[in-house]
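Peer 1: Chain order of the listed sequences is E and H. Using our numbering, the first residue of the first sequence is number 7, and each one after it goes up by one. Using our numbering, the first residue of the second sequence is number 5, and each one after it goes up by one.
One or more of the hints may lead you astray.
As the list claims (entries may be wrong) - Below, simulated BS3-like cross-link-like pairs (lysine-lysine); rule was C-alpha separation at most 27 Å, straight line:
1. Lys101(E) x Lys43(E)
2. Lys86(E) x Lys101(E)
3. Lys86(E) x Lys104(H)
4. Lys98(H) x Lys86(E)
5. Lys101(E) x Lys141(E)
Hints were generated in silico from the structure; no laboratory data involved.
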Amino acid sequence: MLALFGALATSCQQPPQSSGAKPDGAKQAVLVQNLAKSGAFEVTNEGLSISLSSQVIVQRWEGGNWQDVASDLVLAETCKWNPKPECTTLATGGKIQPVPWNGMSCSGQCFLGCRGNVFLGPGKFRFVVTTCDRKTRFYGPGFSLSGDDPMEPKKK
Amino acid sequence: MGFLQAQWAETSWCSYRGPSNYDGSIFVQRGMPPPRSQRACRDCTPATPLRDIFYSTDPVDGEMAMGKSGDTFPLVLNVRHYDSPADGCPLMLKNSLTQKDNLLREAQFEFLFCAILTVQDPNGAFRHMMAVYWNTRWHFRFERPGNRSTVIPAGTGSVVGTPFHMSHGQIDRRFASVLTSRTEHRSCNDIFRSAYSAFDPGSPNRHESRTWTDFNVTAP
Chain E
7 MLALFGALAT
17 SCQQPPQSSG
27 AKPDGAKQAV
37 LVQNLAKSGA
47 FEVTNEGLSI
57 SLSSQVIVQR
67 WEGGNWQDVA
77 SDLVLAETCK
87 WNPKPECTTL
97 ATGGKIQPVP
107 WNGMSCSGQC
117 FLGCRGNVFL
127 GPGKFRFVVT
137 TCDRKTRFYG
147 PGFSLSGDDP
157 MEPKKK
Chain H
5 MGFLQAQWAE
15 TSWCSYRGPS
25 NYDGSIFVQR
35 GMPPPRSQRA
45 CRDCTPATPL
55 RDIFYSTDPV
65 DGEMAMGKSG
75 DTFPLVLNVR
85 HYDSPADGCP
95 LMLKNSLTQK
105 DNLLREAQFE
115 FLFCAILTVQ
125 DPNGAFRHMM
135 AVYWNTRWHF
145 RFERPGNRST
155 VIPAGTGSVV
165 GTPFHMSHGQ
175 IDRRFASVLT
185 SRTEHRSCND
195 IFRSAYSAFD
205 PGSPNRHESR
215 TWTDFNVTAP
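Isolated chain H (complex conformation) (with noise of 0.2 Å):
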């Protein structure tokens, strides 16, 4: 038994500005292909191999416990969940057009999860007993001088829904294909770390003005 976990959303972009309007501006989209692969996927820790399925198999983690042969029911078995995730942007680009440094101005992730505690039967079938969606999210302004910083309170905050059980093979289909699959190949770690190329220069997903521009943050 133990807990599989699936990032179904992600919003990830980063916005700079140069000191006067023709230092010029920078958007930064980091969250949407080509950069961000695919969107939703399969969550481990850093020591969990993807294709061991679950979310953590170190045992010092806490995050599976296992039956014995001879074990009688009823049995119990106690484990736990925990993730702490992050992210960032650097505080400094270099305008190509410009060539003038532009300081960040505002950053906007947000980060949407579900964790599914799952029982693996001896055949390996997964039988998904409770879920509960949770996330984490943060929104950004910095304001010159000295970069203050405002937080958008409407954007800033984490949710940790209720959990509730789940009736046998029943799997919101915004993350179905990449919870038990065979076929994934890359972790969320593994995916988001990758769309770190959207901050080199001539990346599709980093744009580039010559003045100070409102980007539109919900386009690639």
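Chain E with its partners taken away, still in its complex shape (with noise of 0.2 Å):
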């Protein structure tokens, strides 16, 4: 870990407020939504059997707007060492609870090996997930990470 120099601060008008996920346009058969600890949601198909995407995008409140920032973050319960498929079929009333997102660009759920890897806290974020064919997507609601760096050692 390395850390040098002073942090710049970051400020920005507060995000629209959003009880739950609006897909694109169509009904909303997808709800994404935030559990109690930061990071943590959960995502629930009320329709018809749906391909999702494995990868989850990240965005953060930015300058007025929504920003997709990057990271691995993807629809996995459980650290496994395979690759995630591309897809993740979710059947009706189905639902996944991955594992929590920690803010990092890389290694944001699960250890991965990373050399370029920074923590994109604090801020404003919300969790969209996407048909397979990336074509519908679905908002979760936004929710604060604060600047806990999970890779610095805890405090005694």
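Assemble the dimeric complex from its two separately framed chains, guided by the hints.
Peer 2: If you want it as structure tokens, here you go:
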């Protein structure tokens, strides 16, 4: 871990409050909901069986807009060595609780090798789940990520 | 103004053994060719395109600051630099010669970096101002029962050197070619990830033995 020099502060207007997921246009079929722990979320399919992209988009509220940030977040409930398949099928009524995101741009959920790797907090974030063809997006509500760097040793 | 970063050396190997001598052993060398295609590389965060040269161009990361037209000198710009590199090995591989599971016995990772505070002038030329060498190293041995791990103290630790001023144009030859080159097409993240192929059965850097063997960790 290396951290040098002074940090820049970030500030912006408040993001719009959202009560839950809203897809692009189509009838909502997939709900993206935050769980109690910051960075933890649940995806529920309230429609017909659906194929979702295993890659989850992370967005940060920045300059009055939601902006994509780089992360390796996936719809995986456990940490496994093998790469996650491109798509994840969620049956009607099915739920996934992915491994929570810790705010890092690499190794954001599970231990992975990284070289360049930064902590993306603090700030307001949201998760965006897409269909496997990436044509439809399902937006989660915003949540706050504190400035506690998960890679820093805990102070006793 | 912002940071460039080069990784100029890497050690990365993992050694495995079955429970008994005739269960065999495996050695995987990930830090050398052909799986690791080059020694030095330009390091940048996953969000930063390699063509952008800098370690991170995402404003929120605070790794870059820009002057504005009309600014007067002296001008104060604040930047920071952050990295949290990591790596790992599978805990178990199947030995194709004995058909037995071989467990992780020993692993060593060493990543050596140089971060450079650089100013880019309006014409695109880079002026390297200050640099700091830093590294992080792990060397562990794992023993049964219970996969108890033992740190090899001399091989585990991290050092951040003293930042020093750079004379204009003075760059360490070990990584000068990758630092601001427009022909680099793979970042350090790309390069080490592709070297995971060393674990694949049949890889020239995966060595298997029918018995416990002391492999040469300095060879591919």
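Peer 1: Please go over all the hints and tell whether each is borne out by the structure.
Peer 2: Against the structure, the hints come out as follows:
no.	hint	verdict
1	Lys101(E) x Lys43(E)	17 Å, holds
2	Lys86(E) x Lys101(E)	19 Å, holds
3	Lys86(E) x Lys104(H)	21 Å, holds
4	Lys98(H) x Lys86(E)	17 Å, holds
5	Lys101(E) x Lys141(E)	21 Å, holds
The structure shown violates none of the earlier numbered hints.
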